[in-house]
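Peer 1: With chain A's structure known, arrange chains B, C, D, E, F and G on it following the hints.
First to last, the protein sequences are chains A, B, C, D, E, F and G.
Heads up: the first sequence at position 38 corresponds to 38 in my numbering, and the numbers run straight through without jumps.
If you want my numbering, it's the 1-based position in the second sequence plus 1000.
If you want my numbering, it's the 1-based position in the third sequence plus 2000.
If you want my numbering, it's the 1-based position in the fourth sequence plus 3000.
If you want my numbering, it's the 1-based position in the fifth sequence plus 4000.
If you want my numbering, it's the 1-based position in the sixth sequence plus 5000.
If you want my numbering, it's the 1-based position in the seventh sequence plus 6000.
No lab work stands behind these hints, which were simulated from the structure alone.
Hints may contain errors.
[Unchecked claim] Okay, the calculated beta carbon distance ranges per label pair:
(1) Glu1051(B) to Glu5051(F): 17 to 27 Å
(2) Glu1046(B) to Glu5052(F): 29 to 39 Å
(3) Glu2027(C) to Thr6111(G): 43 to 53 Å
(4) Glu6290(G) to Thr5013(F): 47 to 57 Å
[What the hints assert, rightly or not] List of simulated lysine-lysine pairs, DSSO-like, C-alpha gap at most 30 Å:
(5) Lys6110(G) to Lys6188(G)
(6) Lys2039(C) to Lys4039(E)
(7) Lys6104(G) to Lys6158(G)
(8) Lys6188(G) to Lys6158(G)
(9) Lys39(A) to Lys5039(F)
Every value quoted in this text rests on a predicted model; they were computed, and no experiment measured them.
For glycine and all other residues, C-beta sits at the position ideal for the given N, C-alpha and C.
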Amino acid sequence: MEYVYAALILNETGEEINEDNVTAVLEAAGVDVEESRVKALVAALEDVDIEEAIETAAAAPAAAPAGGS
Amino acid sequence: MEYVYAALILNETGEEINEDNVTAVLEAAGVDVEESRVKALVAALEDVDIEEAIETAAAAPAAAPAGGS
Amino acid sequence: MEYVYAALILNETGEEINEDNVTAVLEAAGVDVEESRVKALVAALEDVDIEEAIETAAAAPAAAPAGGS
Amino acid sequence: MEYVYAALILNETGEEINEDNVTAVLEAAGVDVEESRVKALVAALEDVDIEEAIETAAAAPAAAPAGGS
Amino acid sequence: MEYVYAALILNETGEEINEDNVTAVLEAAGVDVEESRVKALVAALEDVDIEEAIETAAAAPAAAPAGGS
Amino acid sequence: MEYVYAALILNETGEEINEDNVTAVLEAAGVDVEESRVKALVAALEDVDIEEAIETAAAAPAAAPAGGS
Amino acid sequence: MSESESVRKTETIPQWKQDEVDELVDFVENFASVGVVGVTGIPSRQLQNMRRELHGSATVRMSRNTLLVRALEEVDSGYEDLVDHIDGQVALVGTNDNPFGLYKQLEASKTPAPINAGEIAPNDIVIPEGDTGVDPGPFVGELQQVGAQARIMDGSIKVTEDSTVLEAGEEVSVDLANVLSELGIEPKEVGLDLRAVYSEGTLFDPEDLDIDVDEYRADIQSAVSAATNLSVNAVFPTTQTAPTLIAKATGEAKALGLAAAIEDPEFMPDLVAKADAQLRALAAQIDDEEALPEELRG
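This is chain A alone, in the form it adopts within the complex (with noise of 0.2 Å):
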């Protein structure tokens, strides 16, 4: 999931979420990146729009616990 929170950082600070970017917070952090999952990752996120992904999500908690119980 680390890979998610550097592009979610990125997103939030208003950079660039881009392979370099992604790679400077995860090594930052210590995480010994691999580049492959980082080419991954920007280029899912190429056609994902962040803020209303992030929008449903904050729409569901409540509904989840409907579904989850």
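Peer 2: Okay, now just chains B, C, D, E, F and G, sitting in the frame of chain A:
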């Protein structure tokens, strides 16, 4: 938000969630780090079982795609 | 589905679920039996605990959104 | 249940659910057929909308085990 | 389940779900392919709207983590 | 998704989920395989208990219909 | 053939009796299903009504029991099994409907009737909760006497809860008969009581004939569910279950993708949502607002 994500990355990689590490992650992401917030966060997380907190969330996003799609 | 019902009858009566028996049941019902499907059925059931499989609800993800919405 | 399974095979293949056909299917499965049960089945199914019963069952597979046992 | 997974890979890549293709995928994975099961799968899928079936699942996994916890 | 299905097939057949095997399966399905995605997949799955992850999916949907009916 | 039977057969009987037996034999042979019904306690007018109601689908034929027995034995070929049920006030009923339909029809034609003192309750007798509509008076005591929870409320006598005043098999007392009559409760079901039917080679008891259609419907649903479950769990795809299997496989792939945080475009929105949810869940555990960004402060 980025401060909490930084803590989550460190938690995931097994690094200690201390001021230096949090600051390093945030700086790598280009954040203009506020020392007092880092301090407050590190102090606040001392008594929190992060794994447990995360797991309660695991159920939630779950519901999200369902409602979303 | 008739192939599955045939297996269920044999299971109920304690007869072996083999190609001959399944074929016999289906033919008695006027089915134009496809040998390959009979074989596939027998093969699929080989390592299955039929009682358990019958009682375990088939995961029907379709129903899930109920919880989500 | 084997009597009901036999009826469902016939239903599936479009054959008439009558005494002869049900008996034939059961005998092919090695069942020591009770004529009165076959007659009761055939008579009872005259008043059952089989397709409807199948569809309601198919819609709620999860509920099955409860009913099945 | 590997037979179903194989069909879904083909569906994803837009290749036809026929016996040859399913067999090829499974063999590449080192599966000792049973021809009859391939045939049964292909036959069963003939009249199925795969996209629709996938979409019912798209809603589901959602619920998954909930159930897991 | 096809990359994940490939991993699931290998898991099912007990073959190792490594780059070569995943690539072979995908190529057999006519996929124009991206090495980095394969690498990322293999890396992501390294420490994951696949059976357990799958079971959370299986557990969830089952519960849903119960509530629904 | 028992000895007494053969004796009886050789015995000469009056011509009118033989004619009656011949008619009964015709009756038995002319219907696909022939049953024995008890007619005890049915007032003759009610019996007439029932016969009329059944007209066209079933025919009731009464005669002396000895002649019924003789006729059934004469037809033989299975019908003699009905002889055991010729006892007391009975009649033959014939139909070309199937025996299940006959049973259903006879049940439907039963009507409620009052029960008299000295009779045996065929089932539990219950005085239902509610307003009796009877003005306050000694009747409340009579109700209480027979075991009903009764009292005076709002200017009339009310039964405060369903009260079983007699259990099946017990004898009805004079007091109870009076109370039931006053309340208009008719606890008996009077009608042709089917004891057995012989139909196309099979002898049916009433229990065989009492079909619960709902039960069959439920059985079908269980059967369908069993087949669906088996098909899916054993991964034997059929046209009906292939969609479920596909959905299951897809669900498994997604569950794995999310659990392993696989960087695949399919999973990204869910993974982002998951990360966000985790963030919020963690933030919720943090007491110090200073440690949180504004949007996460509780």
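Peer 1: Please go over all the hints and tell whether each is borne out by the structure.
Peer 2: Verification of the supplied hints:
no., hint, verdict
1, Glu1051(B) to Glu5051(F): 17 to 27 Å, "holds (21 Å)"
2, Glu1046(B) to Glu5052(F): 29 to 39 Å, "holds (30 Å)"
3, Glu2027(C) to Thr6111(G): 43 to 53 Å, "holds (50 Å)"
4, Glu6290(G) to Thr5013(F): 47 to 57 Å, "holds (54 Å)"
5, Lys6110(G) to Lys6188(G), "holds (9 Å)"
6, Lys2039(C) to Lys4039(E), "holds (10 Å)"
7, Lys6104(G) to Lys6158(G), "violated (37 Å)"
8, Lys6188(G) to Lys6158(G), "holds (23 Å)"
9, Lys39(A) to Lys5039(F), "holds (10 Å)"
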